[in-house]
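Trainee: Listed here are the chains, written in short residue letters.
Protein chains: 6
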Amino acid sequence: MNQNKTFHQPISGMDVPRYAGPVSFMRLPQVAIEAARDIDIGLIGVPWDGGTTNRPGARHGPRQIREMSAMIRRVHHVHRTSPYDLANVADLGDAPVNPADLDDALARIERFFKAVVANGIRPLAAGGDHLCSLPSLRAVGGLRPVGMVHFDAHSDLWDSYFGGFKLTHGTPFARAIEEGVLDGGRTIQIGLRGSVYDLEDRAFGARHGVRMMDIEEALTLGPDKVMEIARSVVGDEPTYVSFDIDCLDPAFAPGTGTPEAGGFTPREAQSLLRGLKGVDIVGADVVEVSPPFDPSGNTALNAATMMWEILCLMAENVARRR
Amino acid sequence: MNQNKTFHQPISGMDVPRYAGPVSFMRLPQVAIEAARDIDIGLIGVPWDGGTTNRPGARHGPRQIREMSAMIRRVHHVHRTSPYDLANVADLGDAPVNPADLDDALARIERFFKAVVANGIRPLAAGGDHLCSLPSLRAVGGLRPVGMVHFDAHSDLWDSYFGGFKLTHGTPFARAIEEGVLDGGRTIQIGLRGSVYDLEDRAFGARHGVRMMDIEEALTLGPDKVMEIARSVVGDEPTYVSFDIDCLDPAFAPGTGTPEAGGFTPREAQSLLRGLKGVDIVGADVVEVSPPFDPSGNTALNAATMMWEILCLMAENVARRR
Amino acid sequence: MNQNKTFHQPISGMDVPRYAGPVSFMRLPQVAIEAARDIDIGLIGVPWDGGTTNRPGARHGPRQIREMSAMIRRVHHVHRTSPYDLANVADLGDAPVNPADLDDALARIERFFKAVVANGIRPLAAGGDHLCSLPSLRAVGGLRPVGMVHFDAHSDLWDSYFGGFKLTHGTPFARAIEEGVLDGGRTIQIGLRGSVYDLEDRAFGARHGVRMMDIEEALTLGPDKVMEIARSVVGDEPTYVSFDIDCLDPAFAPGTGTPEAGGFTPREAQSLLRGLKGVDIVGADVVEVSPPFDPSGNTALNAATMMWEILCLMAENVARRR
Amino acid sequence: MNQNKTFHQPISGMDVPRYAGPVSFMRLPQVAIEAARDIDIGLIGVPWDGGTTNRPGARHGPRQIREMSAMIRRVHHVHRTSPYDLANVADLGDAPVNPADLDDALARIERFFKAVVANGIRPLAAGGDHLCSLPSLRAVGGLRPVGMVHFDAHSDLWDSYFGGFKLTHGTPFARAIEEGVLDGGRTIQIGLRGSVYDLEDRAFGARHGVRMMDIEEALTLGPDKVMEIARSVVGDEPTYVSFDIDCLDPAFAPGTGTPEAGGFTPREAQSLLRGLKGVDIVGADVVEVSPPFDPSGNTALNAATMMWEILCLMAENVARRR
Amino acid sequence: MNQNKTFHQPISGMDVPRYAGPVSFMRLPQVAIEAARDIDIGLIGVPWDGGTTNRPGARHGPRQIREMSAMIRRVHHVHRTSPYDLANVADLGDAPVNPADLDDALARIERFFKAVVANGIRPLAAGGDHLCSLPSLRAVGGLRPVGMVHFDAHSDLWDSYFGGFKLTHGTPFARAIEEGVLDGGRTIQIGLRGSVYDLEDRAFGARHGVRMMDIEEALTLGPDKVMEIARSVVGDEPTYVSFDIDCLDPAFAPGTGTPEAGGFTPREAQSLLRGLKGVDIVGADVVEVSPPFDPSGNTALNAATMMWEILCLMAENVARRR
Amino acid sequence: MNQNKTFHQPISGMDVPRYAGPVSFMRLPQVAIEAARDIDIGLIGVPWDGGTTNRPGARHGPRQIREMSAMIRRVHHVHRTSPYDLANVADLGDAPVNPADLDDALARIERFFKAVVANGIRPLAAGGDHLCSLPSLRAVGGLRPVGMVHFDAHSDLWDSYFGGFKLTHGTPFARAIEEGVLDGGRTIQIGLRGSVYDLEDRAFGARHGVRMMDIEEALTLGPDKVMEIARSVVGDEPTYVSFDIDCLDPAFAPGTGTPEAGGFTPREAQSLLRGLKGVDIVGADVVEVSPPFDPSGNTALNAATMMWEILCLMAENVARRR
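Protein chains in written order, with the working numbering: chain A, 2 to 323; chain B, 2 to 323; chain C, 2 to 323; chain D, 2 to 323; chain E, 2 to 323; chain F, 2 to 323.
Calculated directly from the structure, the hints in this document are not laboratory data.
Mixed in with the good hints, there may be bad ones.
Straight-line alpha carbon distances no greater than 30 Å define the calculated DSS-like cross-link-like pairs of lysine-lysine that follow [what the hints assert, rightly or not]:
(1) B:115 - B:167
(2) A:167 - C:226
(3) A:278 - A:115
(4) F:226 - C:226
(5) D:226 - A:226
Cβ-to-Cβ under 8 Å is the rule here; a few derived chain C residues that face chain B [stated by the list, open to error]:
(6) 18
(7) 23
(8) 48
Just the calculated beta-carbon pair ranges, DEER-fashion [said to hold, decoys possible]:
(9) E:225 - D:108: 47 to 55 Å
(10) C:112 - B:223: 50 to 58 Å
(11) F:167 - E:145: 31 to 39 Å
(12) B:278 - A:167: 35 to 43 Å
(13) A:108 - C:238: 27 to 35 Å
(14) E:115 - D:116: 39 to 47 Å
All C-beta atoms, glycine included, are put in the ideal place defined by N, C-alpha and C.
Excised from the complex, chain A in its bound form:
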């Protein structure tokens, strides 16, 4: 297989064993945003979990996902192509964070993502908790609201926690819709499940035109039909993809803060993600990987795998539009 001569290429496990050499997303070179030239897609860590209302640890997510992403090789076995031949991809390092101040942390992350977008780079981020999606959406949806395909056990459309606090990992998409960076009418949530406090989030979603699909409905429809609906919801316009690792069953993703029994299998998630083919993905994230709750690294391996599936689609999209 011919490798593209100008684009960044990952280190091969046939040259340097996968437990050796530098640690980065997909074993790609790490490039500082200041030095980023002609990058199409930027892999970014967001090591922050200040919005977490229950079990913390997602701040450690990017490091473990990078480590487990060494398991991913360069060619997709179904597409039979390599994203590194289609687009120039790099690891842009971690967004700056502040574990001791929520507002400052969000501001730092937002500035970083805005610099990425300003550079013409499409961000594919690894969280971090789900509140990290908010500054990312502010960047990619800054000019006009984006649509979103959202895989999650939870809607994250709640209003506030603990007596009025509006910024937690349970509220990012309520905020994003209110701020006008996310278009509720072009948003679909897939795989909702688990007990809920009440039905307030459903009401919010209904008011803003969000298509909320329970896992029961998704399983009845099957992945092909689900994604047909998803594609019709987001259309051809710029779209964000947000993948909360807790959409997987806890057996596959124990390392997360809010596990819910009865989730998707990774195989189903792969099928669903492959159904995004053709969607104009302008930004994406995989969030809520909390390594302290999974020393095995399996959760992070699944997260890296989902990033890989998204990356292949983003690269193909970039190549198509070039």
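Please build the complex by placing chains B, C, D, E and F on the supplied structure of chain A, with the hints as guidance.
Mentor: Same frame as chain A, now just chains B, C, D, E and F:
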């Protein structure tokens, strides 16, 4: 969502984070049996594993299930109702036990469950090993034998172990049928699988009219058909539900004493349990969670989730019959 | 052994096995602060880690410490007395917290501790990260600054992090001294070790008269001499005791956010704490237990043991002054 | 159930608890190859992982698989027969190995398997990494090439690693085909998935007539159709079965060196293996169980279960041909 | 180094790697008691924990201790001799047990130990919980009471639990003294520590002349002086050695049922055990290793090491008296 | 504290949290050997464990040590200086390895270390198993044999394994002495302990003048006297320091291949290492960290800490000789 003013309500994770505050089943108040008034359904721990023939630890089950049950919120996302609006539910604490004497332990547990039943409370217990079902059945089936829907990898219909010992976690339902507290003809066992010593349990089941369904048959039929059969087996009469966590595949429930490869997923188990709708569940248990074999707590999370599914049905049943 | 008839007594493991029954500190009754009458010493959980700059999880500390404290029985094997015969002790539950807002969380915790102190109760808290000591000190040192015996690998006297943020678990005692609730001249820090960013904290300590003792010095002196110095530093005036679990070597306390190689053994820590005999301990805490980093529970067992050592001294102190 | 009087029988868990007594495959007697008389099927450990290019530890596989195989009883619940009534089965111990020299290790293992085959014993081995299949194939395919049904995430048909090294766990079947001990045209690989370095292995397989079936194809066809194809590929001639535990999803088999997200469930694997009924299995292995990456033992339990499924078929095959 | 030609010898890790080959204590041959000829010292597993009042799992101890004992080689680095040149040592397998009946289990174990003693073999057992020492003492002290050197955090001299139950792992030595198989006046307990229910055990010990030494006293005296006292307590008469792994600090032995903070280090334990030189050890055990609470195997490694220290002394004693 | 303007400086945890940003030894810049200019001390990973005769996994050591070294800050709390002000230090990445061929791997590693030494850089390596010391010694002792201070439970002076194989992690120093790159007469081994196969290694050491000090002797002498002896053995000539993590007790370093009960504490190891002050350390390594056996990372934290202690001495040595 309007909360019932007289019934006990769980603490909300939007007020007190789920890792804080007292530990009880579903974050409900803990009420001593002596002080129990107008309780419809009692959640009970049975911290005892004296009937275990292989890997122990189920005595630690109730504590870890209580802890993980803090993940469960008040409204069922499919039913769109809360059991706490339909029935008065409380945590009745742990049944008294004795880890150093099998007979005394069974006697203590039986007395406790008889007091619960005498109070007009329907017990929903968390084991403990499967021998804990015997004293519970003696209480709920004391006046006349109950039917049973039994989810398990094993039939637990064996005669004896180690040269004639008749009380182990492999024998409770043989005893219960012999004692006349369980009606074999109104009993169905779902999900049997794994290698066996011989076919003696099958013969016992056949003699007593037990419907024994292997997991292969259950998967071929699908959950809807399986539960149609189950409902026809137990009919409208009082029925016990016993859920051995090892009916799940060990990936979902590693924390158990006798894991068998190739089990149900939690999603399938949820589907099966929802098929109990309308059955007159007069008592239930979820057993064989052994925390030392699963520090992650996932097994206990699944157990708490299955208790939640059963609780919602019991509450609806209580409300319907009120 | 005669048990005091009026004071709260723990459940005995000879009556109810230690894995059964309700979970509380030392198996004592849990009493709401509003209902607290004639309590001398209150055991309090502070499930909050919002000041953590590195590995989180101390928010889960109180729950696991309570669970492991079931291992502690009622009589101290060296003192040959029971604190429950000398003072009325209760578990006051968890202080209210807010994981999504640092300032609000500190305010809630402070209000709770002020109510405790206002009730004439001496608090013995289980953290939470070390920033939790600040609201506690504001309560016990509110009228006049207290002295402190502080066991820790770190001085926690830093000025700020991440470009000027003044409230983290590395800064509480700088704040407490600046606010005048802690008397630097009556403060001793025992067991400092590990690499440091620079020597700024040493300078701060020197300016405020803090006696800073490295672990090397402590080991050379031996526990008796160390505590002779400690007692002379704090004198007879009201004194706070703060025990950061990371003063122990990580082999004994892996479940903590900032482990440093080469720490005290639990045996040495017990010797040191017993040297506090006679000191007027008006408040205390054991902090920085992060259960996600120690599924074994050993860290929490050591924390519970250190609480037990402090409790016995506090009870004796209460009895002496009664 | 009548037990065969001449064949070896496993210890029953109803006589000696499964955590007690000697440790061997399936609790069968351990017989030295020198003393083996009238053995039909030999269970063999190959504690060697010298061909591993990434995470090691498969050398510990045989010991943990033996331990977890104590969970397997004597009668298959679907077949309703016991392999120990159909064939004489024994644990032949571990093949001799050398962790410090690859060539010497392969030579030792090959000699051992040749002695097994020379004794008229069909080997069923537990690895070890996948390179262990090569000396086994050299033994069973020594006279003429065997066919193979191969369950794996990876084709293991690569040419070389690290600049020309031809013997790794990624190359055994390329070598076996080149050496003429494996018949590519009678070989099927089931469940291939995961990213790849390039498409070289596909080309090699195509050149040698190997039927390579991705997991996507296998899932679309369903197990019955897949195994119909498999049986038609291998026909009635002598066939080897190689089961790499990483064909299972990492949630079920975390203890392996090269996990790939999105694999088979154990239930699916059981269905596939049962489809081998009638195939003339002359040798088999279950490989790549790496216990250090799965302290729970679940991976080894699944490996023991797959050995059990294969053993039952081999025994039936032996009985049929006797 | 010359190996004795008639005595059993362990497999060498220089011939067969330590993770390969059969699993037995110290890699010695396993000999059935019926076939035991000219064995001086028998290593015995007692896989039973029916006397456990708190965390179970010691039934799994013998298997994991055997596995970790593969780490022990044939020559003691301080004595510079091998026990296998001084005495004939074998693994006698596991005593028969019954997890479902306490009385039957004790009877089976006692019969086994009586057969061992009747064969002229000195037993060195691996538990199992501490109640396993009772049937062993009944065997070795059957003709006349033995003395005992007992290393433990707990005295195990309690009268009864749970309202009068006399046989638990907290009561064996009270029973043994009452039955006249253990001579209280020739018994010393070393390393007592941790909170206690009351002082009843101290009173019992005092009445029967038991020398009870707290860890504080032992540390003040130092190992040489402690063992001088121990040797003077037991004198030259037959003596039993019982080593409860919980005498070690939980950092070294997390895998135990009743951990107490502040215990001995393995190094101190080795020093203490070496001080038994010259004592006529007629039987010994190492108990309370509970593998489910220590997947690392370190607890079992320490247990195997303590067995090794005792074995070397027993062998020297046998050789001296031959 | 003034930072040196020309030397590389680590990222501060007060700017970028320690779980964020790139992963390297001590958070220093990673510099390719080809680009290394004016580096005094090079931190190097050797991810290879091909010489391991028992439990593998040390190949994963460098990655986990790098990760845990983020815990180390820039100033030594006892020396009150920073090595980064005294010498120019960088992470040189990993030596190239080959997990599939022992001879090729050793050749690659040797070439890398020779390039380092040729650049005037003093290597401080993180293994890898202990055979990795051989190519390093070939580089630093290439011109004339170096002395060595060696901390280990094992002498690693054996001749061969498995019937004549001369290159394993138990033989490196026998080879190094035979090859003339290590001077036996200027070598001291500190902390030897644990059972041995025979006394052959002692004889080899004696023949070559190696000072072999058992841990019992080291503890009797105390660290000051031990290191006085060590300094007199190695004198002022170039000396290598090799620290096998298994010299620590397994409670502190469970993540290693050949644990031996009864080792040093990290505190003792720190004292011993500080006694190397003034020794001309021309190369050093910390080896045998096997992460799969310690998911907690404590072993790696201790390894990073020992590297830190050695680094501070090397830097001071460099500054002194500049």
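Trainee: Tell me the numbers of any earlier hints that the structure contravenes, in ascending order.
Mentor: 2, 11 and 13
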